[in-house]
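Colleague: Listed below, chain by chain, are the residues.
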Amino acid sequence: MNLPENLKYTKDHEWIRVEGDIAYVGITDFAQSELGDIVYVDIDTVDKQVAQNDVFGTVEAVKTVSDLFSPLSGTVLEFNEKLESSPELVNSDAYGDGWIIRMSIDNTAEIDELLSADDYREVIGQ
Amino acid sequence: MELKKIALNDVHEALGAKMVPFAGYNMPVRYSSDIEEHNAVRNAVGIFDVSHMGEFMVRGPQALDLIQRVTSNDAAKLADNKVQYSCLPNEEGGIVDDLLVYRLSAEEYMLVVNASNIDKDWNWISKYNTAGAELENISDELSLFAVQGPKAAEILQPLTSIDLASMAYYTFAKGPFAGVADVIVSATGYTGAGGFEIYVKNEDAGKVFNAIMEAGKAAGIKPIGLGARDTLRLEMGFCLYGNDINDDTSPLEAGLGWITKFDKDFTNAGKLKAQKEAGVNRKLIGFEMVDRAIPRAHYEIVDAEGAKIGEVTSGTQSPTLGKGIGLGYVTTAYSKPGSEIFVRVRNKDMKARVVKLPFVKK
Numbered sequence: 001m002n003l004p005e006n007l008k009y010t011k012d013h014e015w016i017r018v019e020g021d022i023a024y025v026g027i028t029d030f031a032q033s034e035l036g037d038i039v040y041v042d043i044d045t046v047d048k049q050v051a052q053n054d055v056f057g058t059v060e061a062v063k064t065v066s067d068l069f070s071p072l073s074g075t076v077l078e079f080n081e082k083l084e085s086s087p088e089l090v091n092s093d094a095y096g097d098g099w100i101i102r103m104s105i106d107n108t109a110e111i112d113e114l115l116s117a118d119d120y121r122e123v124i125g126q
Numbered sequence: 127m128e129l130k131k132i133a134l135n136d137v138h139e140a141l142g143a144k145m146v147p148f149a150g151y152n153m154p155v156r157y158s159s160d161i162e163e164h165n166a167v168r169n170a171v172g173i174f175d176v177s178h179m180g181e182f183m184v185r186g187p188q189a190l191d192l193i194q195r196v197t198s199n200d201a202a203k204l205a206d207n208k209v210q211y212s213c214l215p216n217e218e219g220g221i222v223d224d225l226l227v228y229r230l231s232a233e234e235y236m237l238v239v240n241a242s243n244i245d246k247d248w249n250w251i252s253k254y255n256t257a258g259a260e261l262e263n264i265s266d267e268l269s270l271f272a273v274q275g276p277k278a279a280e281i282l283q284p285l286t287s288i289d290l291a292s293m294a295y296y297t298f299a300k301g302p303f304a305g306v307a308d309v310i311v312s313a314t315g316y317t318g319a320g321g322f323e324i325y326v327k328n329e330d331a332g333k334v335f336n337a338i339m340e341a342g343k344a345a346g347i348k349p350i351g352l353g354a355r356d357t358l359r360l361e362m363g364f365c366l367y368g369n370d371i372n373d374d375t376s377p378l379e380a381g382l383g384w385i386t387k388f389d390k391d392f393t394n395a396g397k398l399k400a401q402k403e404a405g406v407n408r409k410l411i412g413f414e415m416v417d418r419a420i421p422r423a424h425y426e427i428v429d430a431e432g433a434k435i436g437e438v439t440s441g442t443q444s445p446t447l448g449k450g451i452g453l454g455y456v457t458t459a460y461s462k463p464g465s466e467i468f469v470r471v472r473n474k475d476m477k478a479r480v481v482k483l484p485f486v487k488k
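These protein sequences, in sequence, are chains C and F.
Residue numbers are given in this note's numbering: position 82 of the first sequence equals residue 82, and the series is strictly consecutive.
For this note's numbering, add 126 to where a residue sits in the second sequence, where the first one is 1.
Keep in mind the hints are simulated off the structure, nothing from the lab.
Each residue gets a CB set at the ideal place from its N, CA and C atoms; glycine is no exception.
Wrong hints could be hidden among the right ones.
Said to hold, decoys possible - Calculated lysine-lysine pairs in the BS3-like style (CA-CA distance at most 27 Å, straight line):
hint, chain 1, residue 1, chain 2, residue 2
1, C, K82, F, K474
2, F, K449, F, K203
3, C, K82, F, K449
As the list claims (entries may be wrong) - Estimated spans, in silico, between C-beta atoms of each pair:
hint, chain 1, residue 1, chain 2, residue 2, range
4, C, E84, F, G301, 50 to 60 Å
5, F, A344, C, S92, 20 to 30 Å
6, F, P147, C, D21, 41 to 51 Å
7, F, A344, C, E34, 47 to 57 Å
8, F, E414, C, S92, 23 to 33 Å
9, C, S92, F, D136, 26 to 36 Å
10, C, V46, F, H424, 25 to 35 Å
Modelling step: build the complete structure from the supplied sequences, incorporating the hints.
Modeller: Right, dumping it as structure tokens:
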């Protein structure tokens with residue numbers, strides 16, 4: 001299972017790439033492989049303030065619907081527009097072109113609560 | 127309850143299947159990608175292991191009477207080697223299960239039922255077997271492979287002397303297949319892609335499965351999981367028991383009037399006939415999303431003002447059409463093709479249109 005060391009993770013199977021006071025958020029390679037083909041990513045929180053663990057959107061596979069939980073408190077700045085027409089990027093490039101949102105970080109202390117690659121590996125039992 | 131394993135459980139795991147619990151069985155839901163598997167069946171050929179399905183044999187001079195009594199379709203219309211889609215109505219207006227009836231001879235039939243209902247159906251049919259037809263549950267002895275897709279006949283023909291190309295839809299033949307005697311090859315399936323369903327004894331399952339995979343290699347045969355099975359049947363508008371039909375839905379509401387024959391007597395025929403004459407209050411419809419959204423089972427169906435008019439029973443993103451499709455019950459006033467309805471998705475009412483089934487035309 002591909003788990004880049006430079007990313008942070010949550011037990012809800014999201015990854016976070018921190019760049020200064022901005023974070024990119026997506027779902028992990030493990031999550032996409034469990035869900036199967038992603039056919040729709042529905043984000044209705046752009047420009048909205050979300051608290052840590054709030055639902056910021058939904059990812060739909062052929063058979064299942066999964067909520068996306070915000071790993072941090074902040075404002076959703078951008079939804080990855082490529083996913084509008086190509087939601088399958090979440091499957092094919094989970095940590096790259098398949099990123100889902102870009103958000104601001106209100107409270108950097110919350111970053112320390114996130115999981116490391118090793119912690120997350122334990123969560124998924126790999 | 128411990129999950130039951132189908133005969134080729136380990137073969138599917140070795141093929142990389144993701145296994146999930148389904149109807150009490152550990153079943154392959156996906157091998158590679160739901161969409162790839164779906165397209166393989168629509169465009170070429172795929173093989174499903176649906177050995178979880180139940181099979182009952184009904185034999186003897188009372189066999190037809192028993193089947194006529196418990197099923198809604200007219201089994202007297204069957205000739206040898208013909209198959210009929212039917213259902214078991216309950217006493218309250220709903221459906222115990224939907225099933226296939228195979229006539230092997232005038233006094234020998236096979237009923238093929240849903241895995242989730244094997245015990246329920248067995249008890250139900252046994253209850254009505256007052257005249258003493260011989261009933262045998264062979265569900266645990268048989269494996270069932272559905273080989274579906276436009277290339278099914280061409281890849282299977284080298285394995286059997288049965289003339290596959292000449293078989294009409296809903297007929298079957300018993301004959302040698304892949305070196306195994308007395309295999310039932312049935313021109314049926316639940317995908318709308320054409321193809322065959324093959325019933326073999328568990329001890330021959332591995333041999334037959336491997337022979338089909340080998341024979342289909344050049345045509346690009348793929349093993350197909352339950353995920354794609356569901357999108358394929360939904361594109362055809364076929365009902366799935368437990369979703370679109372159940373103990374509370376009438377066959378007439380479900381659009382199964384064509385298998386509800388009032389020129390014979392059967393369970394609850396009187397009340398169903400009265401319902402037919404009075405007209406149903408709700409109907410199962412197919413709908414396509416106009417707004418971008420994917421309908422899912424149990425989402426509410428509402429009118430333009432947001433008042434509830436029904437509920438989604440099955441829904442998905444159609445891999446063939448690239449948009450959301452679904453089945454659901456609506457009050458009869460909204461059941462005409464072309465009617466505008468709305469599906470409540472995460473508290474937003476998304477526009478949809480009632481359409482004629484199937485969603486994907488052959």
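Colleague: Each hint should be assessed against the structure and marked as holding or not.
Modeller: Each hint, compared with the structure:
1. For a cut-off of 27 Å, the pair hint linking K82 (chain C) to K474 (chain F) stands: about 23 Å separates their Cα positions.
2. The hinted pair formed by K449 (chain F) and K203 (chain F) fails the criterion: a straight-line CA distance of about 39 Å is larger than 27 Å.
3. The suggested pairing of K82 (chain C) with K449 (chain F) holds, with an alpha-carbon distance near 18 Å, which does not exceed 27 Å.
4. The given range of 50 to 60 Å is respected by E84 (chain C) and G301 (chain F), whose C-beta atoms sit roughly 53 Å from each other.
5. Restraint check, A344 (chain F) to S92 (chain C): a C-beta distance of roughly 28 Å satisfies the suggested window 20 to 30 Å.
6. The supplied range of 41 to 51 Å is met by P147 (chain F) and D21 (chain C), whose beta-carbon atoms lie about 45 Å from each other.
7. Take A344 (chain F) and E34 (chain C): their Cβ atoms lie about 33 Å apart, and the range 47 to 57 Å is violated.
8. A C-beta distance of roughly 27 Å is found between E414 (chain F) and S92 (chain C), which places it inside the suggested range of 23 to 33 Å.
9. A hinted range of 26 to 36 Å holds for the C-beta pair S92 (chain C) and D136 (chain F), which are about 30 Å apart.
10. V46 (chain C) and H424 (chain F) have their C-beta atoms about 28 Å apart, which keeps the hinted 25 to 35 Å range intact.
Figure legend: structure checked against the earlier numbered hints; hints not met, in rising order: 2 and 7.
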